[in-house]
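Chemist: Letter by letter, the chains look like this.
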Amino acid sequence: MILDSWGRYPQTIATVLEPLDGPALRRLLKAHTSEGKIIPRGAGRSYGDSALAELVMSSRFLDGFLSVDSDNGIIHCGAGVSLDTVLRIAILNQLFVPVLPGSKFVTVGGAIAADVHGKNHHIAGSFCDHVVGFNLLLSSGEAVYCSESENTDLFHASCGGMGLTGVILDAKLKLQSVPGVFINRQSIVSENLASTFEILEENNTSTYSVAWLDCLAQDKSLGRSIIFLGNHANNPKFETKIRRGFNVPVTTPGFLLNKYSMGLFNSSYFNFKKLLHKSDTVNYNSYFFPLDNIGNWNRLYGRDGFLQYQFVVPSETALKSITEVLKKVSAAGKGSFLSVLKKFGKANKNWLSFPLEGYTLTLDFKREKSLFPLLDKLDEIVLRHGGRLYLAKDARMTESTFKQSYPNWEKFLELKKSIDPENIFGSLQSDRVGLTGEKDRKKKDRKKA
Amino acid sequence: MRILIIGATSAIAKATARLYAETGAELFLIARNEARLEQLVADLEVRGAKISGHLSLDISKTIGHKKALETALNSLEKIDLALICHGDLPDQAACENSFKMAQKAINVNGLSTISLLTIFADTFKSQGFGSIAVITSVAGDRGRQPNFVYGASKALVSTYLQGLRGVLLPHGVHVLDIKPGLVDSPMTAEFEKGPLWSSPELVAKSIVKGVSKKRLVIYAPGYWRLIMMVVVSIPEIIFQRLKF
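The listed protein sequences derive, respectively, from chains A and B.
Just so you know, we're using the numbering used here here: the first sequence kicks off at 1 and counts up by one.
Just so you know, we're using the numbering used here here: the second sequence kicks off at 1 and counts up by one.
Here chain A stands alone, though its shape is the one from the complex:
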């Protein structure tokens, strides 16, 4: 079937395997290894090609819980369980998920493989910092338990390892106790980028913080934003509220999103929020997952799909480099619906994890030919300032960009060779960035011979 991920670019023809449990997964793995590379896939919520390959091992039916220990806050579940479900069960036990990304529909397996982060990275770190351990099925068919103390290298390689070390079968997560599931939200308006940075720095102790940027604003207003701070409200009512959202039923024509409509959206959103009350208490769903309320919002970008460009730059040069990026984007007349700026805390020990201490900016772009040269230019800026791109969003970064910005790639490759010498696991992305490619090369060599 034709398969793509959330950005709907690129597309590939893939065979999707949906094992019902661990033993079935092992059987499928054995039966299909000769047909091409296999990549584990959760909800398909990564944006580019990190969950695309000739063969896709879906965790769709690995969606059961194994146990919950509410006294110690540890939940054990299959890799295919969504964070939405984990969150509902956590709340049932008066607990909360310590790290939540922008969508609750991602799976636990996917969250580990991409070592996702949330609006509290500056305090809580990323998702894998709360993973007690997981069972990983290796290319040999053997399942091993990985944690900070057991198979430590494999643990640090697999957390953020984009599924290249094997298939996560199930995982134990450490949940967190919170005073309540409602969020006291404070919205602060900032008129330019420097003040956005200042406000984020000043509010470093706020549990959650994120800035929505009007990326089309220029000159003096460049980087004007609304900063949303959040803290758990003291409210003993632990309940899940289901919101009935809006769904985008069909793919809308891509031309509807152009620089004029986006400019209009950005400036009216900015001015609208500016008028609204500055602080309120909201349901966790509306604070963490505003976009989940619009089902299939990726369809708004049209048939050609879109690219999400997320990079991080170290604190020292962040203001300078982000100004440079915003100027480039604005000069190119390319708009982005959602531009989100977030301050990261310290990096963790995982080999290919994205976060490092500094600032991360996320921009959405409709896919069009003229976009790619712009993104290449942005890559230069990011690399020059010691930053890097997020693998879970990426669909185009070059091998050299990747290897320059992820210093542990050699260590990763060495481990990969020892546990998966034939590159049974690999994705379109891992081939592109030079983490797996040898299997193809060998095949080609054979053909030549």
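If you're looking for bench data, these hints aren't it; they were derived computationally from the structure.
Any given hint could turn out to be false.
[Stated by the list, open to error] Cut-off 25 Å, straight-line C-alpha distance, at most; resulting in silico cross-link-like pairs (DSS-like, lysine-lysine):
id, chain 1, residue 1, chain 2, residue 2
1, A, K327, A, K369
2, B, K61, B, K104
3, A, K172, B, K50
4, B, K50, B, K67
5, B, K50, A, K174
6, A, K237, B, K50
Everything numeric in this text was worked out from a predicted model, so none of it was measured.
Got chain A; can you put chain B on it based on the hints?
Modeler: Frame of chain A; chain B shown alone:
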């Protein structure tokens, strides 16, 4: 709510059980595969269900039915809902060429359910309340060339339910016929999926709603009622030439 689920590890049953689990329901589960059944028990407990018991049983062998249902009844005491979800999609061509295969398919999808319903009818009559919900299929509405053996066995159950509904009405027992359309589940893993396909989770939502509103026949999702109305209204003289 005290619920008995037969064929509990099927995708639709599992999704439905999960919805009830989050409301704190008490469940008794019957399914064939012991290992998967045990996994499901653990899963539902985490989700908030009270599992009063579980039993692994091959439903196609009607001989064990009575004893199994007695065990379930002993454990649940009263049953608010009995949900029958077992079934298997047979190979149509194989069934056409071999009566043995057809018989097997009709037994699994039709007769074994009738056996369960016979026992349920008694239990529910004496209990004087509750719902019996059975998953049949839109395939039972009309015999189509690609799957009429499956369709015939489901039609058998649907027709049986129509009569049983009347018999149980004076006893305060509600009978629900659930007709799912194309569902993307392990049973249909071999099929290319299109826009008409829906998820087991969506079907499960329809089931929970149908039970609580005491509906008599539901299509899941609802738009299948419209599709089947059209399919049923095609004159036989034309229909005989249709291959879909």
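Chemist: Indicate, hint by hint, whether the structure satisfies it.
Modeler: Results of checking the hints against the structure:
Taken as a hint, the K327 (chain A) and K369 (chain A) pair is honoured in the structure, with Cα atoms around 20 Å apart against an allowance of 25 Å. Under the criterion of a C-alpha separation no larger than 25 Å, the hint pairing K61 (chain B) with K104 (chain B) is consistent with the structure, at around 11 Å. As the CA atoms of K172 (chain A) and K50 (chain B) are separated by approximately 23 Å, the hinted pair is consistent with the 25 Å bound. Among the hinted pairs, K50 (chain B) with K67 (chain B) is consistent with the structure: their alpha-carbon atoms are about 22 Å apart, no more than 25 Å.
Between K50 (chain B) and K174 (chain A) the CA atoms are separated by roughly 24 Å; this keeps the pair inside 25 Å, and the hint holds. Among the hinted pairs, K237 (chain A) with K50 (chain B) is consistent with the structure: their alpha-carbon atoms are about 23 Å apart, no more than 25 Å.
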